[in-house]
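Same order as they appear, the protein sequences are chains E and G. Offset between the first sequence (1-based) and our numbering: plus 279. Offset between the second sequence (1-based) and our numbering: plus 4.
None of these hints come from the bench; they were simulated from the model. Fair warning: there could be bad hints in the mix.
[As the list claims (entries may be wrong)] Once the Cα atoms are required to be at most 25 angstroms apart in a straight line, the calculated DSS-like pairs of lysine-lysine come out as:
(1) G:K149 / E:K463
(2) G:K173 / G:K73
(3) G:K173 / E:K314
(4) E:K320 / G:K73
(5) G:K207 / E:K463
(6) G:K207 / G:K73
(7) G:K73 / E:K314
(8) G:K149 / G:K207
[As the list claims (entries may be wrong)] Quick list of simulated restraints, FRET-style, between CB atoms:
(9) G:I236 / E:T412: 40 to 50 angstroms
(10) E:D353 / G:F77: 50 to 60 angstroms
(11) E:F459 / G:P118: 43 to 53 angstroms
(12) E:R321 / G:T117: 19 to 29 angstroms
(13) E:P315 / G:V76: 19 to 29 angstroms
(14) E:S416 / G:I110: 42 to 52 angstroms
(15) G:I110 / E:I448: 23 to 33 angstroms
(16) E:T439 / G:G7: 19 to 29 angstroms
(17) G:V26 / E:I448: 32 to 42 angstroms
(18) E:F459 / G:G33: 30 to 40 angstroms
(19) G:I98 / E:N532: 46 to 56 angstroms
(20) G:V26 / E:F459: 33 to 43 angstroms
(21) G:A169 / E:M284: 48 to 58 angstroms
Everything numeric in this text was worked out from a predicted model, so none of it was measured. In this text, a Cβ means the ideal position worked out from N, Cα and C, and glycines have one as well.
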Amino acid sequence: MELLMRILQMIIDTSIDVLPIASIIFGFQFLVIRKPIPNLKRVIIGFVYVLVGLSLFLLGLEQALFPLGRLMADQLTNPSFIYGDAGIIPEVINWKDYYWVYIFAFAIGFSTTIAEPSLIAVAIKANEVSGGTVGISGLRIAVAIGVAVGIALGSYRIVTGLPIHYFIISGYIIVVIQTFFAPKMIVPLAYDSGGVTTSTVTVPLVAALGLGLAETVPGRNVLIDGFGLIAFASLFPIMSVMAYAQISEYIGNRSR
Amino acid sequence: MLGSLRDLLPIILVIGFFQAVVLQQPIPGFVDIIIGTLFIVLGLTFFIYGLEMGLFPIGESMANAFARKGSVFWLLIFAFCLGFGTTVAEPALIAVADEASEVAAIGGMILNTPEAMESYANGLRFTVAFSVGLAIVIGVLRILKGWSIQYMIMGGYILVVIMTALAPKEIIGIAYDSGGVTTSTITVPLVTALGVGLASSIKGRNPMTDGFGLIAFASLTPMIFVMGYGMII
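The following block holds chain E by itself, in its conformation from the complex (with noise of 0.2 angstroms):
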């Protein structure tokens, strides 16, 4: 009973969450097109699908991975897990003892994108749009490989303290030079791709992580260095989705 409560209050969340959006669609639709929309009764149920769906989709998150995956990144920042029992911070943090904490990193940033519902939308739809050129399940691994790494090299960047804008200024550099070279199809797609891969499963867990570690790492600042993972996660993406079509057009020429 409890259960069934909890679905329909998080039911209810989401639409309101989704009524601004509906409202404007259904909004155009009938004072600016003003034509009927083909298929209603599939649209709305398709709808009411998304709605249903988000709506199990966070409350399970909410109620297996969130408390878990908090609760890790927690643990896995804790002095205690990195120095030993005895807790003693060093006077000069060694980068290197963070190591559990790159490969958590890496390994949830990869598979929290695999699960983000928007990416396996934009996935489905490059498919459909290319003709099968851009495979879906090889996209998305792409990208999942540009956020994870995006990700560990942001917890390093945490825990050196180094300035993000270094990074986030030479990431922007090296996505201008791939750009030259990349196959043009994919550029567009692959800009998208640094948008898509940071909603639902991938903010709160990684959110986690960044304030974790800037809570316990000597000299850092919750407030300013707790923020950045999102960007990091945001920019790889895009050098990996060009260099994932570089390497496939490389393949096929090869082998021609």
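Use these hints to put chain G onto chain E, whose structure you have.
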């Protein structure tokens, strides 16, 4: 169903491995986790089903209708509303804006009172929502005119770099993050369908090279505008 389970498998493996091997801790609340996982799998299945039945078709049919109607004005208004309306209520953005107001208060940029912080957070939210609306408008214009995306994004990057040099140091991390949090799970499929639909219904546009790219603008403009906001206030 099976597909959704496969999508979820990596997370389960990662968490299981770290919990059992690295941290060597028992998994708390095992039953909750099984139920939760079941929900996630079910939810993902429904979502993808509804995506192909509802979100994709409506995005594309609206793009088609606008293209046939030939009214650029209304299309751009729609683009702005879609960007602004979906962002301003985004829960992730509200959370980030609240945190940002704390940073600003501690950094001495605003008074450390609840009222000042709330007005700062609201201002930030509207700034980001406005910038996303603008981004979709620019992106739609690009599809209509067939401008090439590279130079526009590079121009955006250059602006980000310039703003980084000028903006207060405290705001930079938040500004960079704000680009990522604005694009929600429902906005992304809709905006993608809109772009691809527009590019396929306009002669001479290729849905692959012209249809994608709207999200890219929507994650770039908030960075520039948030840093600008930090400079003004």
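Hint by hint, here is what the structure shows:
1. About 18 angstroms separates the Cα atoms of G:K149 and E:K463, which keeps this hinted pair within 25 angstroms; it holds.
2. A C-alpha spacing of about 47 angstroms is found between G:K173 and G:K73, which places the hinted pair above 25 angstroms, so the restraint is violated.
3. For the hint pairing G:K173 with E:K314, the CA-to-CA distance comes to about 51 angstroms; that exceeds 25 angstroms, so the pair is violated.
4. For the hint pairing E:K320 with G:K73, the CA-to-CA distance comes to about 24 angstroms; that is within 25 angstroms, so the pair holds.
5. Our distance criterion of 25 angstroms between C-alpha atoms is met by G:K207 and E:K463, whose separation comes to about 19 angstroms.
6. The straight-line distance between the Cα atoms of G:K207 and G:K73 is roughly 14 angstroms, inside the 25 angstroms bound, and the hint therefore holds.
7. Restraint check for G:K73 and E:K314: the C-alpha separation of about 11 angstroms stays at or below 25 angstroms, so the hint holds.
8. Our distance criterion of 25 angstroms between C-alpha atoms is met by G:K149 and G:K207, whose separation comes to about 11 angstroms.
9. For the pair G:I236 and E:T412, the supplied restraint of 40 to 50 angstroms holds, since their beta-carbon distance comes to about 45 angstroms.
10. Our hint of 50 to 60 angstroms for E:D353 and G:F77 holds, since their Cβ atoms are close to 52 angstroms apart.
11. The given range of 43 to 53 angstroms is respected by E:F459 and G:P118, whose C-beta atoms sit roughly 50 angstroms from each other.
12. The given range of 19 to 29 angstroms is broken by E:R321 and G:T117, whose C-beta atoms sit roughly 52 angstroms from each other.
13. A hinted range of 19 to 29 angstroms holds for the C-beta pair E:P315 and G:V76, which are about 23 angstroms apart.
14. Between E:S416 and G:I110 the C-beta distance comes to about 45 angstroms, which sits within the given range of 42 to 52 angstroms.
15. Distance hint check: the CB atoms of G:I110 and E:I448 are about 26 angstroms apart, consistent with the given range 23 to 33 angstroms.
16. E:T439 and G:G7 have their C-beta atoms about 40 angstroms apart, which leaves the hinted 19 to 29 angstroms range violated.
17. The hinted range of 32 to 42 angstroms is satisfied by G:V26 and E:I448, whose Cβ atoms lie roughly 34 angstroms apart.
18. Checked against the hint of 30 to 40 angstroms, the C-beta distance between E:F459 and G:G33 comes to roughly 51 angstroms, which is inconsistent with it.
19. Between G:I98 and E:N532, the C-beta spacing of about 48 angstroms keeps the proposed range 46 to 56 angstroms intact.
20. Checked against the hint of 33 to 43 angstroms, the C-beta distance between G:V26 and E:F459 comes to roughly 42 angstroms, which is consistent with it.
21. Checked against the given bound of 48 to 58 angstroms, the beta carbons of G:A169 and E:M284, roughly 52 angstroms apart, stay inside it.
In this structure, the hints that do not hold are numbers 2, 3, 12, 16 and 18, in rising order.
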